[in-house]
Amino acid sequence: MTETVLFWIIAPLSLGTALSVVVLRNPVHAALMLVGNFFTIAVLYAVMEAQFLAVVQVIVYAGAIMVLFLFVIMLLGVERQLDFGERIRGQRAAAVFLGVVLLAALTVGVAGPYLGADSACPTTAEQQTEPAASPQACRGLAEANADGNVFGVGRLVFTDYVWPFEVTSVLLVIAALGAMVLGRRAEQDSDLVDVLRRERVPAGGVGDASYQAELQQSLEEDPR
Amino acid sequence: MAVPAGYYLALAAALFVIGVVGVLIRRNLIVMFMCVELMLNSVNLTLVTFSRINGNLEGQVLSFFVMVVAAAEVTVGLALIVNLFRLKASTDADDVDALRA
Amino acid sequence: MLAEYLPLLLLAVVAFAFVGLSVLVSARLGPNRPNPVKEAAYESGILTEDVDVRQSRFSVRFYLVAMLFIIFDVEAVFLYPWAVTLRSMGWYGMAVMGVFILLLFETYYYVLRRGGLDWD
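Protein chains in written order, with our numbering: chain A, 159 to 382; chain B, 311 to 411; chain C, 4 to 123.
There could be a bad hint or two in this list.
If the Cβ cut is set under 8 Å, some of the chain C residues that face chain B in the computed set are [said to hold, decoys possible]:
#1 66
#2 70
#3 73
#4 77
Hints are computed from structural coordinates only; laboratory data are not their basis. Note that beta-carbon positions come from the ideal geometry of N, C-alpha and C, so glycine has one too.
Looking at chain A on its own, in the form it has when it is part of the complex (with noise of 0.2 Å):
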């Protein structure tokens, strides 16, 4: 019951602050609405007896990985540039429409054979002592979930998942190199970089033309 409320309040949830991401024009509004996304997400983890997910959900994604990207957005000082125009006559008719057979397709194909009332999955174990009725049913995390949620996943992680786990290690020591040697060159042509100074643009190469007519003022005002 309560699982049931909770899905109809945070599905629409879920999918208006999807939506509103590709929609809003200024990217730190599409970042703010991305961190909805991401808890909506980090509830439907938990809903689903994930609770070790919704947690690293809303510690890495919500708490680490957007603060970068809003970050970066102000950095970057990107928050006016407008992106809409379209650069290929049809292009984005041409999106919706594959979006749409996409969507279709993967509701038949993934969603369907499990959309019946007997694939609900049962939350409690006492509601589990009956036998699966339908090959598929869900089966629900009761008994894997027994030693608690955090002791199962990381059991599995390190014992059939060790290899896997080892090598994310490297994975990570690759992106800390990455980020060193990008930022490092950068950093090669002076510490301290004043973005419009490096507007060396050719005409017509950047934007639209709203913002690199903004971008002239901007530097007839200030000659410096």
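Got chain A sorted already, so can you dock chains B and C onto it with the hints?
Just chains B and C now, kept in the frame of chain A:
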């Protein structure tokens, strides 16, 4: 009483498609990148749902690894975007070729 | 089962209510008599009205530190399930995490030597 697992899968599919359409129609690299994150999240949601359908934790473990990889990916991707911005003062996807050495 | 999350929900409600109330109350009760001098953007004794935010200089180092933060944040996230399962895994768990931490500390050392975390 509870919600059929397919509803979660359908929601995840819808989120994935929103992400795909976003990547296709936006030109701002940062927003495109955010749409990729949206897609990754919807796939994670699918994995968690299947983990529940099958009654084992494998899906959650895979989902966890996806999050870790996404963190590494964001680090390098945003470093590339910052570098592009230094070269061209732009975050437009059409200018990415400026990064060619 | 989901009732366990009730305190969390309450916390969220309180947090949002606090923000909403603060904004509302200060908007209602605060005297609102704007004048041009008050409206002017002002920072550290400098009038900033014609300085675009985008013209401000930005330092490479800030975002480098932010990115390295994410890497080590992820490392910390791995430590939570490890701490919970360590007792049942014994020395095997120590060895597994030892390799992981060693690889990342190598990076940490490299970043430190290359001055990635220097502040000025």
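Okay, the hints, checked on the actual structure:
1. 66: holds (6 Å)
2. 70: holds (5 Å)
3. 73: Since chain B brings a Cβ to about 5 Å from residue 73 of chain C, closer than 8 Å, the hint holds.
4. 77: holds (5 Å)
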